[in-house]
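Chemist: Residue numbers (our numbering), protein chains in the order written: chain W, 15 to 337; chain H, 1345 to 1672.
Keep in mind the hints are simulated off the structure, nothing from the lab. Ideal Cβ positions, reconstructed from N, Cα and C, are used throughout, including at glycine.
Within a straight-line C-alpha distance of at most 20 Å, the following computed PhoX-like cross-link-like pairs (lysine-lysine) qualify:
id : chain 1 : residue 1 : chain 2 : residue 2
1  : W       : 185       : H       : 1503
2  : H       : 1519      : W       : 185
3  : W       : 27        : W       : 47
4  : W       : 169       : H       : 1647
5  : W       : 320       : W       : 27
6  : H       : 1519      : W       : 169
Have a look at the derived ranges for each label pair, beta carbon to beta carbon:
id : chain 1 : residue 1 : chain 2 : residue 2 : range
7  : H       : 1569      : W       : 77        : 52 to 62 Å
8  : W       : 309       : H       : 1362      : 46 to 56 Å
9  : W       : 37        : H       : 1582      : 16 to 26 Å
10 : W       : 287       : H       : 1605      : 35 to 45 Å
11 : H       : 1548      : W       : 235       : 48 to 58 Å
12 : H       : 1671      : W       : 208       : 38 to 48 Å
Among chain W residues calculated to face chain H with C-beta under 7 Å, some are:
id : residue
13 : 125
14 : 129
15 : 136
16 : 149
17 : 160
18 : 164
19 : 165
20 : 185
21 : 189
22 : 288
23 : 299
24 : 304
25 : 308
26 : 310
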Amino acid sequence: MVPYSLPKVLIIKPPPIFLQFENQFSRHFHFLKAYESHQPLPAFLAAAAATGVSAMFVTRNGPPITGADVLDYIPSLRCIVTSGIGLDYIDLDECRRRGIVVANAAGASSADCADFAVGLVIDVLRKVTVGDRFLRSGGGVGGGEVRLGRRLGGKTIGIVGLGAIGSGVAKRLHAFNCRILYNSRNKKPSVPYSFYSNVCEMAADSDLLVICCSLSDQTRHLINKEVLTALGKDGIIVNVARGPIIDEKELVRSLLEGRIAGAGLDAFEHEPSVPQELFSLDNVVLAHHQASFTEDCFQDLFELVKGNLEAFFANKPLLTPVV
Amino acid sequence: MENNTSDHKPVIIIHRLPSCESFLTNHLTTTYTLLDPIAAAGPEPAAVRAYLRLHGSSARALLCVEPIPLGSDIMDCLPSLECIVSATTGTDHIELSECRRRGISVTNLGDAFSVDVADYAVVLLLDVLRNVSAGDRFVRVGSWVEQPEFSLGFRISGKRVGIVGLGNIGSRIAKRLISFGCSIAYNSRKKHPDVPFPYYNNIHELAIHTDILILCCSLTDETRHMINKDVLTALGKEGVIINVGRGALIDERELVRFLVDGRIAGAGLDVFEDEPTVPKELFGLQNVVLSAHHAVCTHQSFKAIIDVVLANLEAFYSNKPLLTPVNL
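Produce the entire structure from the sequences given, and follow the hints as far as they go.
Modeler: What follows is the structure, encoded as structure tokens:
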């Protein structure tokens, strides 16, 4: 029984939030799911457009939302909602040109992402995950070598991108007596941390780099060989942003050759593929893009996506508009 | 180790496990003559005591290298003993009442490690609630490529944290967790007058009113197995326990049962009742983080051990106030 009275929303590939809350979402919207259809995508999109579908729920795991790949087939589209923060896979200029409003999940996951970033920082410094792995393989307390870690207090942390997540990381690490530096597009007024317009210079002055910025043409491979060299052989890098911000091949090389001391990585260039060479390293902690993965965060994201869609269908301003 | 008292260097007895020579002793030999009964006479307790009775009669100081029992049986062999320098934070391994009776001072490591232990308690909490180590396992075994996602963790902000023992370590843990948006309550022997957090004089009550218990108190007769079946039940199905104190603070068999049955939500454990043994039932659990008594293990702390031990010995032998005396 299809509830025709509910507003229609198109989904090409299901976002994690959708998979988690499909029942709840389906009480409010009728979803047209390309991923459950045998039709080739263009045909499915055209058929959906024929029904007048005006909203789409997207994820970075799906196809890039460009004119040629997607938008050309859905002239009826007026609203795109994502449950993530990243927008690099959406052609925002094209959306603007076509009068399509876009909403992301800005703010909803900042605290959880900051928490996870700090967890990776301390885990790498204090060798927690490798220690747990050692015990589970039968190591025994006191049976193996003492794995000396490094004290967090007094370390200089270089934060790349001082948005909501970066600020959250700074606030938390400040409580551990770290010194905070930051690099971002513009200096932020009334922020007590030292600003660096050049990420390489900041890396040279930092013990750890924490990547919290968005992915754009300017930040793609921002962390390259030069930056990693500046960070140095005692340096540690933590990434809770997007994989392509780091030149991954160069990062792997640096780690294998001991040119940096360790890494905590929640994002990779070609997820879910992770460079196999990292699996043999004890000074690396690997995560599966889980920085926002808490029950509360998913609940908040569900409410936000639902709220944005409801606002659109009620001709009201989006809650968290980007375009 | 040679018993050479003719060079007039003050004598220090070394009290250690048979299995390990300590990195500390290298830093002592220039200033002190070390009597190491295990090195000289072997690990058998009767041989150790015989050696001490024969060679240790003038020894005024003893260095306790790790938290192994030090009681009247050893003290009886050392009639000149006046000072025990323990290269540990805890002193539950020393018969303190005997020390008091005999007028023997005891020093520990004071505040040297508190920062590192506090940081470690926080990272154990983050790891358990946010599946850091579990996520790493998931990726390393190749699961991410095969299945979309793993289970969700828990938001830290808003969690009610109960700290057991609000000393140098507990107070630092509180400061750190506040920056994550947690609320703090505590249990300790006495209420601290100038502390803004709610106090519970009863661990059971604390467990009822908190989501996460963090143990950072010392092990005494009163605190042994303080975390028992009743307290774990009070903590509840969504509760998490972090232990950076001593294994015996928790009834470990009961804890393992609760974890295996899913009657609490998870645990971060740096210490165990019977180290080096870790209960095997824990190895298969995704919601537990296991650690080999590493909360103090940083380069900075190890340097601090040397500094504090040397400073206490120097103070003792120059009749100056001890740096980090323990209240007996």
